[in-house]
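> Listed below are the residues making up each chain.
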Amino acid sequence: MNREQMVEELSKIVGKENILSSETDLLLYGYDASLFKGKPDCIAFPGSTQEVSEIVRFCHREKIPVIARGSGTNLSGGTIPTKGGIILHFSRMNKVLEIDIENQRAVVETGLFTLALKNQLARHGYVYQPDPASEKVSTFGGNFAENSGGPHCLKYGVTTNHILGAEVVLSDGEVIQVGGKVLDAPGYDLTGILVGSEGTLGIATHLTLRIMPKSEAVKTMLAIYNSLEDAGRTVSAIIADGIVPATLEILDKLTIKAVEESVHAGFPLDAEAVLLIELDGLKDGMERLAERIMEICRKNNAREVKSAKTEAERTQLWAGRKGAFGAISRLRPNYLVCDGTVPRTKLPEVLAQVMEVSKKYGLTIANVFHAGDGNLHPLILFDERDEEELRKVHLAGSEIMKLCADAGGTISGEHGIGTEKMKEMFFVFSLQDIAAMRKVKKAFDPEDIYNPGKILPEVQT
Amino acid sequence: MNRDELKVQFYDEVAKCNHCGFCLAHCPVYTVAGREWATPRGKNALVKAIIEGKIDWTPEIEETLFRCTGCRLCTQTCFPAVETNQGVLAGRECLVDRKQYPKVIDRVVEALESHYNILNEPNVNRTLWMDKLEGIPDHRFQKEKAKVIYFVGCVAAFYPMAHKIPQTFIQILNKADVDFTILGGEEWCCGFPLIQAGMKDKMQKLVEHNQEKVKDIGAETVVFACPSCFHTWKEKYQTDAELLHSTQFIERLIGEGKIAFQNGADRTVTYHDPCDLGRNSKVFDAPRNILKKIPGLNLIELEGNRQLSVCCGGGGDLEMIDPALSAAIAQRKIEEIQRTGTEEVVTSCQQCIRTISGYARKHKIKLKVKDITEVVLEAMG
Chain A
101 MNREQMVEEL SKIVGKENIL SSETDLLLYG YDASLFKGKP DCIAFPGSTQ
151 EVSEIVRFCH REKIPVIARG SGTNLSGGTI PTKGGIILHF SRMNKVLEID
201 IENQRAVVET GLFTLALKNQ LARHGYVYQP DPASEKVSTF GGNFAENSGG
251 PHCLKYGVTT NHILGAEVVL SDGEVIQVGG KVLDAPGYDL TGILVGSEGT
301 LGIATHLTLR IMPKSEAVKT MLAIYNSLED AGRTVSAIIA DGIVPATLEI
351 LDKLTIKAVE ESVHAGFPLD AEAVLLIELD GLKDGMERLA ERIMEICRKN
401 NAREVKSAKT EAERTQLWAG RKGAFGAISR LRPNYLVCDG TVPRTKLPEV
451 LAQVMEVSKK YGLTIANVFH AGDGNLHPLI LFDERDEEEL RKVHLAGSEI
501 MKLCADAGGT ISGEHGIGTE KMKEMFFVFS LQDIAAMRKV KKAFDPEDIY
551 NPGKILPEVQ T
Chain B
-16 MNRDELKVQF YDEVAKCNHC GFCLAHCPVY TVAGREWATP RGKNALVKAI
34 IEGKIDWTPE IEETLFRCTG CRLCTQTCFP AVETNQGVLA GRECLVDRKQ
84 YPKVIDRVVE ALESHYNILN EPNVNRTLWM DKLEGIPDHR FQKEKAKVIY
134 FVGCVAAFYP MAHKIPQTFI QILNKADVDF TILGGEEWCC GFPLIQAGMK
184 DKMQKLVEHN QEKVKDIGAE TVVFACPSCF HTWKEKYQTD AELLHSTQFI
234 ERLIGEGKIA FQNGADRTVT YHDPCDLGRN SKVFDAPRNI LKKIPGLNLI
284 ELEGNRQLSV CCGGGGDLEM IDPALSAAIA QRKIEEIQRT GTEEVVTSCQ
334 QCIRTISGYA RKHKIKLKVK DITEVVLEAM G
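Which chain is which? The protein sequence lines are A and B, in order.
Heads up, the working numbering is the position in the first sequence plus 100, with the first residue counted as 1.
Quick note on numbering: the working numbering labels position 238 of the second sequence as 221, and the sequence is numbered without any gaps.
Treat the hints with care, as some may be off.
Taking lysine-lysine and the DSS-like style, the derived pairs with C-alpha atoms no more than 25 Å apart in a straight line are [to be verified]:
id : chain 1 : residue 1 : chain 2 : residue 2
1  : A       : K236      : B       : K217
2  : A       : K137      : B       : K37
3  : B       : K(-1)     : A       : K353
4  : A       : K137      : B       : K(-10)
5  : A       : K183      : B       : K37
6  : B       : K(-1)     : A       : K492
7  : B       : K(-1)     : A       : K422
8  : A       : K137      : B       : K(-1)
9  : A       : K314      : A       : K459
10 : B       : K37       : A       : K139
11 : B       : K265      : A       : K422
12 : B       : K128      : B       : K188
13 : B       : K(-1)     : A       : K459
14 : A       : K383      : A       : K459
15 : A       : K255      : A       : K460
16 : B       : K(-1)     : A       : K139
17 : B       : K(-1)     : A       : K357
Computed footprint of chain B on chain A; a stretch qualifies when at least three of its residues, placed anywhere within it, have a C-beta under 8 Å from a C-beta of chain B [what the hints assert, rightly or not]:
id : stretch
18 : 131 to 137
19 : 169 to 176
20 : 231 to 238
21 : 536 to 544
Just so you know, these hints were derived from the structure itself, not from any lab.
Computed from a predicted structure; not experimentally measured.
Backbone N, C-alpha and C define an ideal beta-carbon position, used for all residues, glycine too.
Could you put the whole structure together from the sequences, leaning on the hints where they help?
Next comes the structure, spelled out in structure tokens:
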């Protein structure tokens, strides 16, 4: 079907003003925060589940790919239109539909920004726990599709632990309800399958979320180390002691240097690593727990452990972590955030290997990551315009994923697979595993119109 | 400017954009438009695609590049601090050279070329705001020599809604015994609208004239109540005179004991940081210090304050080019003000006042919008 016809058909559903199809717009909806690019056929802005359903029904009839998009912040190419098709952009569907404090649930449209809900919940003393770095702009639809994480997911779990139900448009345009406000829905756990499916199985339009009361108290500490290995060992030791802090974040030497040059968080420049630890929960017993953690840090050769005594000191400690990305990204024009997970105990070993990769390719790699759940984020610095360097970046990224897989970990912690890591799926899954996943895809989307060219590598049979 | 020059000057800058999308949370244009063309990320992508020859100068690129308020909140909140607005302005220069720009700009250019003000009125009318004041001295504040020049700016001089700013500011200066003058019909537009229009080449004549006037008068200080004139002078003018915004000058006068507050003000207000004064010229404390000195006046900050202040919608010629978009941004600003629970917003910019109170008046929203000079004069008694 040619573009004019497509626009005409879609206009009947959402109105002409909610369709974009100029060359300029096709370029603007062909990228996300990854290194990949594509080109859609047009972009539609639905205003309701009904409109989404009608568009999908039309696409299903005409075999046109459909790619749902929120803020396009995803890092693995999840919203890249690899085979053309229609981008469904959810910026018009961004309302909080219900905040049910008594039952600790919220219902939202999927175009809503994560932080927008959090700001509303704060007025009730409540929180939605997952905190992806992009939360100020990441949409709930994107969180749902990528199963997003964040620093606080160590204690509270990732997005899938906080989505209890969804209204979903299937690939033939049918609308279904999965899960709901109750804790355990009978039948197959379709919500579980759909969260993290990167828009390849269904498109959510409404979500039912778990919300929780804000913690009574917070305690933030910073441990400083002369070796990255010791910082890594501390993380395992804290968890092994039966303590699950809200966050355990490590910054390495290169990151510390960059941070100090830009935000002056007060990290010592000669340190090899710092570990940022935050506890949250009830006031009672927190000091005792903090003492125990500091003791563990010292046992693992921390040369100094600081504890924030005021809110201002806490902000100061977090400033270094929050400013880390920015500080590093000023060193070179571009950065690739790798996302892999390893068992905590393997952190020191794998980090050393990552540094070997850095040397091998002559690429600068900085590390700032969610150490508590073994989620590494090596940041590879480069200039996208240098093709040779870009080629090395892709090779190094893939090699780091191999290291994670070989250490008994996996190739994603929170960014998904998208187009970026399809072939790396073989590092962690057998042909049979992938064939089983493909059966699920076929059951939901036999025509392969939902976000084609993602997650599952082609398998020769 | 052409594509090659654009590449030499801005390729490295736009290449720093990793399209992470974090700017979408802040850009006032995206917040109301909800389309990727509105985002700073999108603007960087288009400038880059132009440089790389991947796209031509389409009509949509013109629409996009001329819809940016120049507030620079994107740069403030961007990890690599990409100067998106610099690329946008350079893109506008390219479009102007291709004669591909909103035709409304021609009216301004014509006005500036024939009358040196944006309204195309005889330039002597720059002092009409004085007519309603009583007890004006014979020199009408236009002296041959003075220590201080008060540069009024086109908007405050010509738009009745903003007349209260020069009316109150000259009374403050007078009461504080400042040896000052205005330039009257010899004040020419500072050139800011031309920079925004992508025609900065045309501003040299204006700059030279104004610089010359400072020399003639022998002024040590030039004071501006308009943040955009102030910012333009600081960036583009060469003068030995000290350049101050009215809030900085008032703060100094308070410190010297020349301004004292007789009247208390038993009320709560919020303060809106104008983009060109706050983020772009880094003047955050002076207005707050002034408000804190007024007995009984209670200041509540907006959610977006200081470096994170959100544009009112009136920046970067947007009001002229797309009034509906500008108004939609003003609506968001008013909602943010209302969330503080106050019914009075103080700011230090005539354009912010026009945009915010213009919207409030049109939609019958109960909101007092005041320039800081008014608040100061009231408290002086």
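> Determine for every hint whether it applies to the structure shown.
Hint-by-hint comparison with the structure:
Annotation: proposed proximity of K236 of chain A to K217 of chain B is violated, straight-line Cα distance about 34 Å (limit 25 Å). Our distance criterion of 25 Å between C-alpha atoms is met by K137 of chain A and K37 of chain B, whose separation comes to about 13 Å. For the suggested pair K(-1) of chain B and K353 of chain A, the alpha carbons sit about 23 Å apart, so the restraint of at most 25 Å is met. Restraint check for K137 of chain A and K(-10) of chain B: satisfied, since their Cα atoms lie roughly 21 Å apart, inside the 25 Å limit.
Proposed proximity of K183 of chain A and K37 of chain B is supported: the alpha carbons are some 19 Å apart, at most 25 Å. A hinted pair counts as satisfied when its Cα atoms are at most 25 Å apart, and K(-1) of chain B with K492 of chain A qualifies at roughly 19 Å. Between K(-1) of chain B and K422 of chain A the alpha-carbon distance is near 19 Å, which keeps this suggested pair within the 25 Å criterion. For the hint pairing K137 of chain A with K(-1) of chain B, the CA-to-CA distance comes to about 17 Å; that is within 25 Å, so the pair holds.
Between K314 of chain A and K459 of chain A, the direct Cα distance comes to roughly 44 Å. Violation of the 25 Å bound is thereby established for this hinted pair. Of the pairs offered as hints, the one joining K37 of chain B and K139 of chain A holds, with about 13 Å between alpha carbons and a cut-off of 25 Å not exceeded. Distance restraint check for K265 of chain B and K422 of chain A: the Cα-Cα separation of roughly 23 Å lies within the 25 Å cut-off, and the hinted pair is therefore satisfied. At roughly 23 Å between alpha-carbon atoms, K128 of chain B and K188 of chain B fall within 25 Å of each other, so this suggested pair holds.
Using a Cα cut-off of 25 Å, the hinted pair K(-1) of chain B and K459 of chain A holds, with the two alpha carbons roughly 24 Å apart. The hinted pair formed by K383 of chain A and K459 of chain A fails the criterion: a straight-line CA distance of about 46 Å is larger than 25 Å. Using a Cα cut-off of 25 Å, the hinted pair K255 of chain A and K460 of chain A is violated, with the two alpha carbons roughly 36 Å apart. Between the alpha carbons of K(-1) of chain B and K139 of chain A the distance comes to roughly 22 Å, so the proposed pair stays at or under 25 Å and holds.
Restraint check: the Cα-Cα separation between K(-1) of chain B and K357 of chain A comes to about 20 Å, which is no more than 25 Å; the hinted pair holds. Under the rule that three or more residues need a Cβ within less than 8 Å of chain B, the assignment of the stretch 131 to 137 of chain A holds, with 3 such residues. For the stretch 169 to 176 of chain A, the stated coverage by chain B is satisfied: 3 residues place a CB nearer than 8 Å to a CB of that chain, which reaches the threshold of 3. Counting residues of the stretch 231 to 238 of chain A whose CB lies closer than 8 Å to any CB of chain B gives 3, so the stated coverage by that chain holds, three being the minimum.
Requiring three or more residues with a Cβ within less than 8 Å of a Cβ of chain B, the coverage given for the stretch 536 to 544 of chain A is violated, as only 0 such residues are present.
When held up to the earlier numbered hints, the structure conflicts with 1, 9, 14, 15 and 21 and fits the remainder.
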